[in-house]
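J.: Residue numbers (this note's numbering), protein chains in the order written: chain A, 660 to 869; chain B, 660 to 869.
Hints are supplied without guarantee of correctness; some may be wrong.
[As the list claims (entries may be wrong)] Distance condition first, Cα-Cα at most 16 Å in a straight line; then the derived EDC-like pairs of lysine to aspartate or glutamate:
| no. | chain 1 | residue 1 | chain 2 | residue 2 |
| --- | --- | --- | --- | --- |
| 1 | A | Lys719 | B | Glu699 |
| 2 | A | Lys848 | A | Asp763 |
| 3 | B | Lys848 | B | Glu760 |
| 4 | A | Lys719 | A | Asp763 |
| 5 | B | Lys719 | A | Asp763 |
I should point out that these hints are in silico values taken from the structure, not numbers from a laboratory.
Predicted model only: the values in this text are computed from it and were never measured.
Protein chains: 2
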Amino acid sequence: MSQPDVAKPVTRSRENTRARLLDAAAQVFAEVGLGEASVEAVCERAGFTRGAFYSNFESKDDLFLELAGRFVSQQVEAVRERVATLIESGADATDTVGLVEALDVPGDVRLGVLLMSEIRNRAMRDEKVAEAFIAQDESMVREVAQLIEDIAHAKRLRFALSPEEAARIVLTAWEGVSSRAIIAGLPEKELLELRAREVGRIGHLIVEQG
Amino acid sequence: MSQPDVAKPVTRSRENTRARLLDAAAQVFAEVGLGEASVEAVCERAGFTRGAFYSNFESKDDLFLELAGRFVSQQVEAVRERVATLIESGADATDTVGLVEALDVPGDVRLGVLLMSEIRNRAMRDEKVAEAFIAQDESMVREVAQLIEDIAHAKRLRFALSPEEAARIVLTAWEGVSSRAIIAGLPEKELLELRAREVGRIGHLIVEQG
DNA sequence: GGAGTTCGATACAACGCTGTATCCGATACA
DNA sequence: TGTATCGGATACAGCGTTGTATCGAACTCC
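Generate coordinates for the entire structure from the input sequences, incorporating the hints supplied.
T.: Set out below in structure tokens:
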């Protein structure tokens, strides 16, 4: 898919330029949106010319698909790690806000939200992106469901909702709150606080409803 | 903002072309996205040339701002009406699914979801759009909050959440479910069912948690 | 019914972006 | 040290899009 017709060798240098282009693309796409971003702009940001670009990707769509896959996977992986350490550290399950904060993925939050929004938007129109999105989204749901299940177990609670359903609600709220915060122009710090608070409240609602 | 330098008369014919252009734009923007939609494509869809376009709008952004305002207002208005009739008809407050279904706005659902997603996406980067979006979003929250409050009153319940908070959760879930359905490629009928079911469940969660 | 105005079509100039073909420096390898 | 390959820069042709300037038909208003 993202592989050119004539298979090119996978040298260290090559991987490096690809990575720089992908990082630059993430920034540019987040800033102006996928549609209004030109290949030119991405290359400029990365410090390359289009020669480098077309030597590494077939098109903007090709790059975006790869970026989307990479980015969403990273998010899932980051959350997976957090959940793992949370579970074995036996965190206080009543502190939903603390738990929610612990899910924050390191990195530029604003960029993350904007990029994810861009990916979601694209996934609504592009089969390929949708496929990648759904797969990773389900992984994410499973991770969070696991966390919720462990909390339920620790508190000896039974829910009317399945852990998966609860996880979906939490994740949906997560995204919704993030978007609203960005639209309202909240700085990163307040965004994080608001998100922890609101999503924590939802978590509470689910947990208390035994 | 959307008014040309030299104020143009507001004739019937003029309003008609503006409306046709706006409708066409809604379709095109929903189909391919704002960024990848050309002014040309919008005009073609509307059955005009760019001459008509530039005689009525300053730019694509100008048109989009107007479209966004109009569209979001319509949504709010439609919901407002439904809520009003629901309230005075004294609908069965325990039937959350029925209540949720009653909020469905008439028209092409898929188009509505895609367009709203486009508007939200744009609002994250554009002050003007954000402003319009926030204003209307708050109206919407108030409408739904009103509905929730009436249900609470009818059932003599008190919530841990304020009606506004509850409304936000419902609306966020609404959008989240819609997006996921579109990404999954569900046909309109199933989208509506899924949405009613899932959002209804959330409503239940809020209502039962007295 | 004639003069003025309005609205949209047409024609045009300019620009930006894309994708490819070619070139050149660097690196690896013998 | 010579040779071959690789990776990115440069140059170029072509296209689509934008915005404006101009034109003509239709409608308005006296």
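J.: All the hints need checking, so say for each whether the structure fits it.
T.: Tested hints:
| no. | hint | result |
| --- | --- | --- |
| 1 | A:Lys719 <-> B:Glu699 | 22 Å, violated |
| 2 | A:Lys848 <-> A:Asp763 | 12 Å, holds |
| 3 | B:Lys848 <-> B:Glu760 | 12 Å, holds |
| 4 | A:Lys719 <-> A:Asp763 | 29 Å, violated |
| 5 | B:Lys719 <-> A:Asp763 | 37 Å, violated |
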